[in-house]
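Enquirer: Each protein sequence line maps, in turn, to chains A and B.
Each number in this note's numbering corresponds to the 1-based position in the first sequence with 6 added.
Each number in this note's numbering corresponds to the 1-based position in the second sequence with 303 added.
Honestly, the hints are just simulated from the structure, not real lab data.
Fair warning: there could be bad hints in the mix.
A short, non-exhaustive set of chain A residues, derived as facing chain B with CB atoms under 10 angstroms [stated by the list, open to error]: (1) ILE80; (2) GLY81; (3) TYR135; (4) HIS136; (5) SER187; (6) ASN207; (7) ASP209; (8) PRO222; (9) GLU229; (10) ALA253.
Take a look, some chain B residues computed to stay more than 10 angstroms from chain A by CB distance [what the hints assert, rightly or not]: (11) ALA368; (12) THR391; (13) ASP539; (14) GLN551; (15) GLU726; (16) ASP728; (17) ALA732; (18) ARG733; (19) LEU858; (20) ILE911; (21) MET994; (22) LEU996; (23) ASN999.
The C-beta atom is built at its ideal place from N, Cα and C for all residues, glycine as well.
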Amino acid sequence: MIQRVALLMLLLCASVGFSSVSAANESINVLVLQNGTTEAFKLKQPIRFAEFLAEQRLAYTGRQAEGNFSRARIGNKALQERLEQNRKEVLDELVRLVAFYQKAGAINAATAARALLQQLQRVNLFAGYHLSIKPDKLRVNLQNNFIMSAAESPYQLVLFSKPMQVIRYGVDSGNPAANSSYHWRLAANGNVAREPVALFNTDEVSRCYHHNFGQPLGLGDAERCVLSKPKAYQRPAYHTYVGINSALLPENFSGLNERIVALLKFAIEERYDN
Amino acid sequence: MTTKHTQLISAITLIGASFLLSISSVNAQDIDAKLIGQPTQSDIGGVGLLQMPTARMVREGEFTASYYDNDEYRRMALSLQVFPWLETSIHYTDVRNRFFSPVDSFSGDQTYKDRGINVKARLLKESQWLPEVSLGLRDLAGTGRFSGEFVAASKRLGPLDFTLGVGFGYLGERGNINNPFCEAAARFCERDKSFEEGGDLRTDNWFSGDAAIFGGVEYQTPWTPLTLKAEFDGNDYRDDFSLEPIKQDSPWNFGAHYRVTDNLNVQVSYERGNTWMFGFNLRTNFDDLSQVKDTPPIPAPTAAQAQSMQAVDKQQLADDLYRIAGFGVESIKISPDGKTVTVIGYQSVFRNHQMAIDRASALLANRLPATVTEYRFVDQVHDMELSQVTVNAVAFKRAHYRADMSTRYEDAYRLVDVDSFSEYDNFFARQHGWGEPIFGVRPFLEQAFGGPENFYMYQLRLDGYLSWAPLSNFRIDGIVSGDVLSNYDDFNFLQERNTTDVPRVRTYVREYATQSDIWLTSLQGTYVKQLNRSWYGSLYGGYLERMFGGFGSELLYRPHNQGWGIGVDINYARQRSFESHFGFRDYDVITGHVTGYYEPKIWNDTLIKLSVGRFLAKDNGAQFRFEKKFDSGIVVGAYAALTNLSSEEYGEGSFTKGFYVSIPFDLFQTKHSAGRGSIGWTPITRDGGQMLLRANPLYGMTEQRSRFYSDWGEEE
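Whole structure, please, built from the sequences with the hints as guidance.
Expert: Written out as structure tokens, the structure is:
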């Protein structure tokens, strides 16, 4: 009798253990990265993004201001891996470009390409489907208040406590191979713009690319736009990128600046160990 | 013109300019940032300095109406930047000191109006070291009195924009250089300065005769709304058309251009060393125009759905599809496995078709059971199945309910040709009956500009219209009109001036306009049928237009989403009596055309139509029509018809041409609308190259085959 009870107890524990393992396999993992630290959350069931922020007290509390959601982004590991794959391809391309310029004796262009290569190797990139999150709007508008589920887990939510540190990426402006006609602006919300900066093209209208959460790793659709210039007392709220002069790019490298911009729009200052 | 008169004009000009400047309290930040640094208009119309052009282009879609005034000329122009590299203008020059004709009974005391077309094309875009270079033709297809050609280069250095160019004809009268083309061929050395009826392109004259260097600079001052201009004039005005000789004391002209508001600019200049000019222009951009919409929200996702199709209220569903998504539902069908629901009907409310699909799909997602995995929306017009949007219901619901981070509505859509659903079960079918006639009353303004009898001729009328489809593929359309106000009895095409045998098919304007106060404008029956997947046919007859009645047939081949089509129509037409009641005159004709339609991919949002055949006056030839659609939905078009009539037989104007603008109604209202209205302009009405007008041409009825006049987002 006691043996049967023990066997029954053993079976019961095993089934509970088994079900616990099953439940663990279906849990939703969220990594929140902020201030160089990583905090992991495990959700037992699907939940809307706004509810997650509320339950974990990341928003709708005093901590929301610390979260600096204007720069926040939410993505997942799968997207991050695709972004890193894109980075690898662009790095390979830059390596070939450096070799091409060296072979052609174009010292300045080779220096420019090498500088881009080094920057892209070092820069921290964190991909996101949605950038510049607005927690208050999430609660009233379904547009970005998606359901967090195991299908897209593990999620990566990047928050920033400090104001944006404006960084100038790209070729040194003293290098003759730098593009002195057009520069790129990289905004925190994933929108980028190609801005005319030369004397001859000041009457040109800029070209803006709006971040598309359906195809986040691309630049998005382009449209004409007018960019406001920050006043002298204002700090710009965007990074800039100065590319290689398009006229110097060989035909099979055309669009390289755009591909670099598509990576740099996910650049962040902090470093995390993935 | 007396000295006192000149002084009075100058004084008024100065006072007017000062007044406008003084009432404006524009700060730099009030001006739209898109306009800052943009090139400004010249006195003639089109981008330029004052009298001289520059190489500059404005943004695509920029539309400007300008007016400039001085002692001798009043100049009015409409300019449109059709492409970033192509600027076009239509201009009228009122020669204030000349009568239109010496025949008082013909044109009265109207002063001479010269009209023409200007075209400028960019050859080279400015770069760091190279200037922008453009080539232009002025007063094209006009009488030639102000015709000229030029090549200009412009280079910007900060706030200064320098221009240097070579002008020919009117722009090169100064003759301060040898014509460079004269070195290449002798025919460029002399220019034929005789002036004809107008309308001829006169290509033999291009870049020939006297040549002159011209140039200038435009300075964007630190005060954003104000730019200053200085130019060296390539014309010395010694051979000018003004009745009184134009004296030029200085080849230098100076001016100031001021942006009063985003849409109004004024320009004052001192030209020829002795003359003040004043003008203004109104601008907008056809790419920027939009109207805030009062759009009811898409139905929110609901958890409760029907468990089966039997539980769905079919009538309510059909009614809601119209109320929420603008779909007039003809029928709803279900596939044998119950997984596909097809809605067949016509979407008539939203110009943006994807918006309608979003709304309709949301409605179906909320109402239909989860077993339905695909929605199909078939555009059907008079039993012609034109296009289909297939919606993956699972993907749509993921986007609608925001089930993940990345799925968008458009990821669920495919725009395809119509699938067969003959095996499908009927879920809902609208009871057609004899249909409901639609009728109403609306005003209509018919107008013409630049006629010799009167510069502006118009007829304001009230149209009572009827549209009725007693059968699903047969419709009757009619208009009865009543004259309210008109000056068309000024139209004075005298029979004695018509010395050719060309039948008068359009020039009885006065007779038609004055012999009846109430008339039947049109009454047409149209039968349409889809013959095959991409083949469509129609039969029609009745009083097709005000001047002609008859019957005809049209056949159209239009593959789905290919951007081209080809059609043929043949008609018997008989000229209607002048009263436009039910009678006819003796003249009749067999007229018809083969028409090719093409939307070239190299020029986005453009449509070309070429019709070859026989016209109403029994002349044979071709009509070429070009349309350009801008981001706002506005379509601008131009057409020209060349036939086997000679310029002499055709008369003034040499060939038929015209322009029109088609404007979506929903630019003027907060409600959505798929309708459009058109404004047309024909420089002169003559009888050659005239096509029979009728309602319901097949290309318009099959618009959904490859949308041009309506919008769609992503396409397969």
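Enquirer: Hints the structure violates: just list their numbers, smallest first.
Expert: Violated hints: none at all, because every hint is consistent with the structure.
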